[in-house]
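Asker: Dock chain B against the given chain A, drawing on the hints supplied.
Given next are the chains, with one letter for each unit.
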Amino acid sequence: MAELYDRYSSVVYAVALRVLGDTGAAEDVLQEVFLQLWRKPSAFDAARGSLGNWLAVIARNRAIDSLRKRRPETDIDDVVVSASCDMASDADRARAAEKVRGVMGNMAPAQRSALEMAYWEGLTHSEIADKTGEPLGTIKTRIRAGLIALRKAFQV
Amino acid sequence: MTEHEQFADDLALYALNALPGEDRARMKDHLETCASCRRELEHLRGDMALLTLSANGPRAPQRSRQRLLDAIAQEPRTPRLASASPSRSWWGVLGWTAAVAALVFAVVLWQQNSALKQTLASANSRAAESAREMEALRKVAAPIIEPDAQRITLVAVKTPPQPQGKAFYLRNRGSLVFLANNMPPLPPQKTYELWLLPTQGTPIPAGVFKPDAHGSASVVNPPLPAGTQAKGFAITVENQGGSDTPTMPIVMMGAGE
Chain A
19 MAELYDRYSS
29 VVYAVALRVL
39 GDTGAAEDVL
49 QEVFLQLWRK
59 PSAFDAARGS
69 LGNWLAVIAR
79 NRAIDSLRKR
89 RPETDIDDVV
99 VSASCDMASD
109 ADRARAAEKV
119 RGVMGNMAPA
129 QRSALEMAYW
139 EGLTHSEIAD
149 KTGEPLGTIK
159 TRIRAGLIAL
169 RKAFQV
Chain B
-2 MTEHEQFADD
8 LALYALNALP
18 GEDRARMKDH
28 LETCASCRRE
38 LEHLRGDMAL
48 LTLSANGPRA
58 PQRSRQRLLD
68 AIAQEPRTPR
78 LASASPSRSW
88 WGVLGWTAAV
98 AALVFAVVLW
108 QQNSALKQTL
118 ASANSRAAES
128 AREMEALRKV
138 AAPIIEPDAQ
148 RITLVAVKTP
158 PQPQGKAFYL
168 RNRGSLVFLA
178 NNMPPLPPQK
188 TYELWLLPTQ
198 GTPIPAGVFK
208 PDAHGSASVV
218 NPPLPAGTQA
228 KGFAITVENQ
238 GGSDTPTMPI
248 VMMGAGE
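Order-wise, the sequence lines are chains A and B.
Convert by adding 18 to the 1-based position in the first sequence; the result is the number in this note's numbering.
Going by this note's numbering, 161 is the number at position 164 of the second sequence; the sequence numbering is gapless.
Treat the hints with care, as some may be off.
What the hints assert, rightly or not - Subject to a maximum C-alpha distance of 27 angstroms in a straight line, what follows is the list of computed BS3-like cross-link-like pairs (lysine-lysine):
#1 A/K58 x B/K114
#2 B/K228 x B/K163
#3 A/K87 x B/K25
#4 B/K228 x B/K207
#5 B/K163 x B/K136
#6 A/K58 x A/K87
#7 A/K58 x B/K25
#8 B/K207 x B/K163
#9 A/K170 x A/K117
What the hints assert, rightly or not - Pairwise CB distance ranges, derived in the manner of DEER restraints:
#10 A/R86 x B/P195: 52 to 60 angstroms
#11 A/R86 x B/P222: 46 to 54 angstroms
#12 B/A32 x A/P127: 30 to 38 angstroms
Keep in mind the hints are simulated off the structure, nothing from the lab.
For every residue, glycine included, the Cβ atom is placed at its ideal position computed from N, Cα and C.
Just chain A, with the same shape it has in the complex (with noise of 0.2 angstroms):
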């Protein structure tokens, strides 16, 4: 556990730190997320994408939970996480991050700020058509295409 700890928690920790804004808060997030699968391994599916890309997904999901002051909303057994990319290696993330980065840049900003508002802040889309006064169904499809714009630099 303390390989897998020392080869991704600063994943889990960076991405509990920027939803949470508190390093107090992203520490019993980041402890949460590692002694879960520690308690269970299985809900890890081996086969189907890398332990970076999961944990990543389990650490910002349990990071909104614990923003929103609500109870986690799902297993970790039902979290299955196609592999995109590997995380293992810092230089694989830099590269990354680096792409992630400028397909950020160059989406229209109501779509970049309807995924990250959904993404980092946790809100509904109802909440987010609220916010922005937009339609709905607007918000729906623009973070829908923003997800898919992202899996679209990566794609071979």
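Answerer: Leaving out everything else, chain B in the frame of chain A:
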């Protein structure tokens, strides 16, 4: 927008846990039966993982590492881990943390292997079951549709046999089995044609047939649009090769039971 498109649209929100309660429960149910949505959900989660890359921050403080290892030490040993009991000196050499990491990986792989074996076993038993079902169905269908099956029509005593047809129709599959007896023979350039009479619309062609020497004929599963409600069936005489629309007169007709 079809119902399924509606689900596909909401998948991104579901992946982000941004779908409100009722919709989320419905989506969860849908995912249990829809493999393509499950696959798309996995991809969307992969995309989410990419987004996390845009978060670059400081590393976790050193104390977190120790805190985690301490917490793990407090956790009850699971049976799987306890069953691997190496000798004392091996522990000493590698250090228990590295050994535990190796065991966690091993457990993950073992779980995968068991899951795969189970999937294979259940797929095999399903295949065997399907084969048995097929055999049973063949036995039922054979005397009805095999060409050398004997067809006997029973009528009240002292009644000459009449031309008779029976249609067995399964609407939701568009499956049809039709059997005819005592059909008068036709000249070579003519054929009988069967028609499905829908509750709405024009008669639908349901196969052509010519009676054998005994006046028997059958039509089995002609191509039919699934789900058509039939109010009856009819037979006309057409030119060899059949027709797209019935030629009057109708020679035989029947309505549903």
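Asker: Report the numbers of all earlier hints that the structure fails to satisfy, in ascending order.
Answerer: The structure conflicts with no hint, since it agrees with every one listed earlier.
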